[in-house]
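Line by line, the protein sequences are chains E and R.
Its first residue numbered 1, the first sequence is counted upward by one per residue in our numbering.
Its first residue numbered 1, the second sequence is counted upward by one per residue in our numbering.
Derived from the structure by calculation, the hints contain no laboratory data.
The reader is advised that the hints may include incorrect statements.
Claimed, not checked - Below, in silico cross-link-like pairs of lysine-lysine (PhoX-like), each with a Cα-Cα straight-line distance of 25 Å or less:
no.: 1; chain 1: E; residue 1: Lys372; chain 2: E; residue 2: Lys359
no.: 2; chain 1: E; residue 1: Lys39; chain 2: R; residue 2: Lys203
no.: 3; chain 1: E; residue 1: Lys131; chain 2: E; residue 2: Lys162
no.: 4; chain 1: E; residue 1: Lys148; chain 2: E; residue 2: Lys131
no.: 5; chain 1: E; residue 1: Lys162; chain 2: E; residue 2: Lys117
no.: 6; chain 1: E; residue 1: Lys6; chain 2: E; residue 2: Lys34
no.: 7; chain 1: E; residue 1: Lys76; chain 2: R; residue 2: Lys74
no.: 8; chain 1: E; residue 1: Lys253; chain 2: E; residue 2: Lys216
no.: 9; chain 1: E; residue 1: Lys530; chain 2: E; residue 2: Lys462
no.: 10; chain 1: E; residue 1: Lys260; chain 2: E; residue 2: Lys287
no.: 11; chain 1: E; residue 1: Lys462; chain 2: E; residue 2: Lys177
no.: 12; chain 1: E; residue 1: Lys135; chain 2: E; residue 2: Lys7
no.: 13; chain 1: R; residue 1: Lys74; chain 2: E; residue 2: Lys135
no.: 14; chain 1: E; residue 1: Lys260; chain 2: R; residue 2: Lys203
no.: 15; chain 1: E; residue 1: Lys287; chain 2: E; residue 2: Lys264
no.: 16; chain 1: R; residue 1: Lys203; chain 2: E; residue 2: Lys367
no.: 17; chain 1: R; residue 1: Lys203; chain 2: E; residue 2: Lys287
no.: 18; chain 1: E; residue 1: Lys117; chain 2: E; residue 2: Lys148
Here the structure is a predicted model, which is why all the values come from computation and not from measurement.
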Amino acid sequence: MALDLKKYSILIVDDVREMRTSLRTIVKSLGAQKVYEAKSGLEAIEQLQSLDVDIVLCDYNLGEGRDGQQVFEEAKEYGMISPHAAFIMITADNTMDVVMAVVEHSPDGYLVKPLNKSVLELRIEKVLHRKRVFKEIEAQMATGAFAKAAAICDLMIDRNPKMRFDLLRMKAEALFKMDDPDAVAELCAGILMERDVPWATVFMGRARYAVGDFAKARLLFTKAIEQNNTSMEAYDWLAQVDRETGDLATAQKTLAQAVKMSPKSIGRQQVLADLAVENGDHDTARKAFEAAVELGVHSCYSRVDDQVGLVNAVAETGGAEAALKVLSELAKPTARSGDPNQEKPDWRLDLSMGEVLLKNEQAVNAKGSIEKALAGYLEVPRDAADPSAIALAKACYAVGMTAEAQKLLDRIVRENHDREDIIAAVREMFNELGMEGLGGDLIDNACRAVIEINNRGVGLAKQGKLDDAVEMLTQASDELPGNLTISLNVLQAILSQIKHAGYTNQRQYLINEYIERAERIDSENPKLGKIRQKISAIQQMEHQQQAV
Amino acid sequence: MEDVIEESDKGLDFVEALANCVHDIKNSAGVVINAADSIRQTVSDVDVAPELTALQTEARRINHDLIHLLGLYKMDHSKQGICPVIVNCEDLIEELVAYNNPLLEMRGLQFEADAHESVEGYFDREHVLGILNSVINNAQRYAHATIRVACSVDDGYTVLSVEDDGDGYPQEILTRQEIDPGSTSYSAGSTGLGLFFASRIAKLHRHRDRVGRVSLSNDGIEGGGSFKLWLP
Chain E
1 MALDLKKYSI
11 LIVDDVREMR
21 TSLRTIVKSL
31 GAQKVYEAKS
41 GLEAIEQLQS
51 LDVDIVLCDY
61 NLGEGRDGQQ
71 VFEEAKEYGM
81 ISPHAAFIMI
91 TADNTMDVVM
101 AVVEHSPDGY
111 LVKPLNKSVL
121 ELRIEKVLHR
131 KRVFKEIEAQ
141 MATGAFAKAA
151 AICDLMIDRN
161 PKMRFDLLRM
171 KAEALFKMDD
181 PDAVAELCAG
191 ILMERDVPWA
201 TVFMGRARYA
211 VGDFAKARLL
221 FTKAIEQNNT
231 SMEAYDWLAQ
241 VDRETGDLAT
251 AQKTLAQAVK
261 MSPKSIGRQQ
271 VLADLAVENG
281 DHDTARKAFE
291 AAVELGVHSC
301 YSRVDDQVGL
311 VNAVAETGGA
321 EAALKVLSEL
331 AKPTARSGDP
341 NQEKPDWRLD
351 LSMGEVLLKN
361 EQAVNAKGSI
371 EKALAGYLEV
381 PRDAADPSAI
391 ALAKACYAVG
401 MTAEAQKLLD
411 RIVRENHDRE
421 DIIAAVREMF
431 NELGMEGLGG
441 DLIDNACRAV
451 IEINNRGVGL
461 AKQGKLDDAV
471 EMLTQASDEL
481 PGNLTISLNV
491 LQAILSQIKH
501 AGYTNQRQYL
511 INEYIERAER
521 IDSENPKLGK
531 IRQKISAIQQ
541 MEHQQQAV
Chain R
1 MEDVIEESDK
11 GLDFVEALAN
21 CVHDIKNSAG
31 VVINAADSIR
41 QTVSDVDVAP
51 ELTALQTEAR
61 RINHDLIHLL
71 GLYKMDHSKQ
81 GICPVIVNCE
91 DLIEELVAYN
101 NPLLEMRGLQ
111 FEADAHESVE
121 GYFDREHVLG
131 ILNSVINNAQ
141 RYAHATIRVA
151 CSVDDGYTVL
161 SVEDDGDGYP
171 QEILTRQEID
181 PGSTSYSAGS
191 TGLGLFFASR
201 IAKLHRHRDR
211 VGRVSLSNDG
221 IEGGGSFKLW
231 LP
C-alpha cells in the first residue's frame, strides 16, 4: 500500500537549497500538494505560526540561529504545531551529543542522511501510523481520563504488537497519574523479567520513590544507568532522590555526569547550575551557566537568571574585572537573539553591573547602573511586584536612593504579606544593612495596611453586606494583584453572594477572572483547590437546575 | 568592516583537522548520493545506467568508509557511544530493502528479505542500519544473483545477517583471529575498516553477561559470504 500524502500539508526545513529541493521532489512524488519550505530556524517558526502543518521534515543543523531541536521545542512550547502533527528530525551525522539531544526530547522520529525516497516514505508512513495509534490515548490523557487511556493502551497492544513497548510505557505513565505505583511496579517487573529495558527500571524506581522508599529507588535508578548510560531520565531521577534525601553534593555529581553525556539539554544545565550555586561550587556553576547562556541564545527556554548567575559565578571565581567583561558581552544584542521580544538587556543585568561595581568600590558608576536597572524594572508593566526586586532595593539603598528603595519594598511587602519567605528575605536585607528598626516598621505598616483592608472586606461579608464586601475586596485586589490572600477572599465573597443572591453570569465571569489571577500567583495552593471544588459543585447544581 | 583572519599560534592539530575534513567529505558524499538518486528517478536513459550505478555505489562506499573512520576516531576520543532502543527487526529490514533495492535492481540482483514480525532487539538502530547498509553495498560487488538479509534469535542474541551467493570471503579474512583495520585493500573491497568498525560497535552492546560480536563465514547462499551481527 503506497503512502499518499495528498491530504497532508508539509513543511520542509533545511538551510541547504539542494536538500530542500530534493525533499520537495520526494514528497511531491508521494502525492503531497501543500508543501512549504523554510531555510532557517527563524523562518520555520514564522511558517509554523501562520500555517497549519501536518508533517514537519526538519534538518537538525540549520546554520546560524536556531537548530532543529530548538525549532521543535519552541513549536511545542508555544503550541505552534498540533499535538497530532508529526515532527521528523533529519541529521547529517550520528554524533553522540546530537543524537542525545534529539532522542531525549523525542520528536516523532529521526533519520540519518543520506536518505532516499523509499526510506523517507517508510518512515513517514510509520510515524503517521504511530500518531494514529496514540491519538486517542493522548486525548484521554489530556482530559485526565487516565483509566480509559490505560485501557486503550491494552487494546492497542493487541492490535499493534510492534508498538508494544511504547504502549506499555504510556500505560505505566497513565497508571502513575492514577496514583497506583504498585500497578506500575507490577507492569514493569513483567517487562524486566523479559529483558533489561532501562525505562522500565526507571519506572520501577519511580514507583518506589512515590511511596517514599528512597533507598530502593536510588538502587533502581543506578541500575538503569548501568543498563544504559544514555538513559537520561535515570540521572534526573537519581539526582532528585539525592536532593530529597539532602545529599546535594551527590545530586550535583549525578547531574554533572548527565550533562557530560547530553550537553545540549539547556534545562539540565540550568538545574545543575542552580544546584552548584546552592552548594557554593562556583566553578561548576560558572561552566553550567555558561553552557545555559550559550544554548539559550536561540532557545525558548533561556532565562535571564542564567545570565545573572553567570555574572555572579564569574565574579566569585575571577573577580570584578572578569565579571564586567562578561556583562559587556551579555549587553550585546547577539546575546538575546533567542527572544525577539527583548529589545534591550534585562534590568537584572544592569543590577548585576551595579552590584559588581559596588563590590569593586566604584560607587559613582554603580549608581548609574542601578538607576538604569530601576528604570528598566518600572518601565515594564507588571501585574505584581517581583520578589527578585528585593536585591534591587538593597542596591538602591547602597547608592543612597532611599526613597526609591522604600517605595519598592513597601510594594513587595504589601503584595506578599502572606508569604513568610519573602517577608523574611526583606527583613534579612534590612538586617544586613543595619536598618532593623526602619525595616521592621516598614514591614509592620505595610502588612497592617493590607490586613486592615482585607479584614474590613471580610467583616462586611460577615455582616451580610455581600455586595459591599465584593466591591471593596475587588478594589483591593486590583491594587495589589500579586496578593493571593486578597484574591482568594474575593472569590469567597462572590461564592457567598451566589449562595445568598443566586447564580448570575456576571458573578461567574468575575469568578473566572479572579481564579485566573490566583492561579498566576500560586496554582498549587490548597485553599485555591478548595475554592475550585466549591465552584464546580455550584456549576453542577446550576446545570442540573437548567436541565430540570 | 572585514574581520582579519589570523593564524592561531597554537599550531595545527593535524588529527583534529583530518577529522573535520573527513566529516566534511562525508557530508559531500551524502549530497552526491542524494543527487545521483534523484537523477536515477528522473533520467530513464539506459545508456547512462552503468555509469550511474557505479556513481551511486562508489559514493555510498565513500560515505560508509568515512562514517566508519569518523566513528573510530570518535571512539578513541570517547565521543562515540551507543544509544540503544527497542527495535523491531522486520521494520529494520524493511528499511534496508527500501534503501538498497533500487540500486540492486539496477545491477540485476535479487534482494531477499527474511524477517519475522516478532523478532525484537535492543540496540543502536542507526549504527546497526549503517553497518548493514555498508555490508550490503559491499556484498553486491561479489554476489552473482542474490543477496539475502535475515533476522533471527539464536542463543539469546538477536542475529542480523547478510548473505550473498558469490565466491565467499578470501580464506585469509576468515582465518584471521583479530579484525585488523590495516588490511584494507581496494581489490578486496573495504572490508577491513568496515568490519573493524562493525566489530567495535557490536562490542559496545552488552546485556547482562553477553557482549555483541561479528562473525564471518562462507555459509552464505551456495557457499557465498555470510556476515552476522550478534546483538545481546
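Okay, the hints, checked on the actual structure:
Of the supplied pair hints, the one linking Lys372/E and Lys359/E holds, its CA atoms being roughly 18 Å apart against a limit of 25 Å. As the CA atoms of Lys39/E and Lys203/R are separated by approximately 40 Å, the hinted pair breaks the 25 Å bound. Distance check on the hinted pair: Lys131/E and Lys162/E sit about 14 Å apart at the alpha-carbon level, within 25 Å; holds. A C-alpha spacing of about 18 Å is found between Lys148/E and Lys131/E, which places the hinted pair at or below 25 Å, so the restraint holds.
As the CA atoms of Lys162/E and Lys117/E are separated by approximately 23 Å, the hinted pair is consistent with the 25 Å bound. A threshold of 25 Å between alpha carbons decides the hint, and for Lys6/E with Lys34/E the separation of about 8 Å falls inside it, so the pair holds. In summary, the hint linking Lys76/E to Lys74/R is not supported, as the alpha carbons are separated by about 32 Å, beyond the 25 Å threshold. Distance restraint check for Lys253/E and Lys216/E: the Cα-Cα separation of roughly 19 Å lies within the 25 Å cut-off, and the hinted pair is therefore satisfied.
Among the hinted pairs, Lys530/E with Lys462/E is consistent with the structure: their alpha-carbon atoms are about 20 Å apart, no more than 25 Å. Taking the CA atoms of Lys260/E and Lys287/E, the gap is near 12 Å; set against the 25 Å cutoff, the hint holds. Taking the CA atoms of Lys462/E and Lys177/E, the gap is about 40 Å. The hint is violated against a cut of 25 Å. With a C-alpha separation of about 18 Å, the suggested pairing of Lys135/E with Lys7/E holds against the 25 Å cut-off.
Under the criterion of a C-alpha separation no larger than 25 Å, the hint pairing Lys74/R with Lys135/E is inconsistent with the structure, at around 39 Å. Using a Cα cut-off of 25 Å, the hinted pair Lys260/E and Lys203/R holds, with the two alpha carbons roughly 22 Å apart. Proposed proximity of Lys287/E and Lys264/E is supported: the alpha carbons are some 13 Å apart, at most 25 Å. Pair hint Lys203/R plus Lys367/E does not hold up; C-alpha atoms about 63 Å apart against a cutoff of 25 Å.
For the given pair, Lys203/R sits about 33 Å from Lys287/E by alpha-carbon distance, which is inconsistent with the 25 Å threshold. Annotation: proposed proximity of Lys117/E to Lys148/E is violated, straight-line Cα distance about 38 Å (limit 25 Å).
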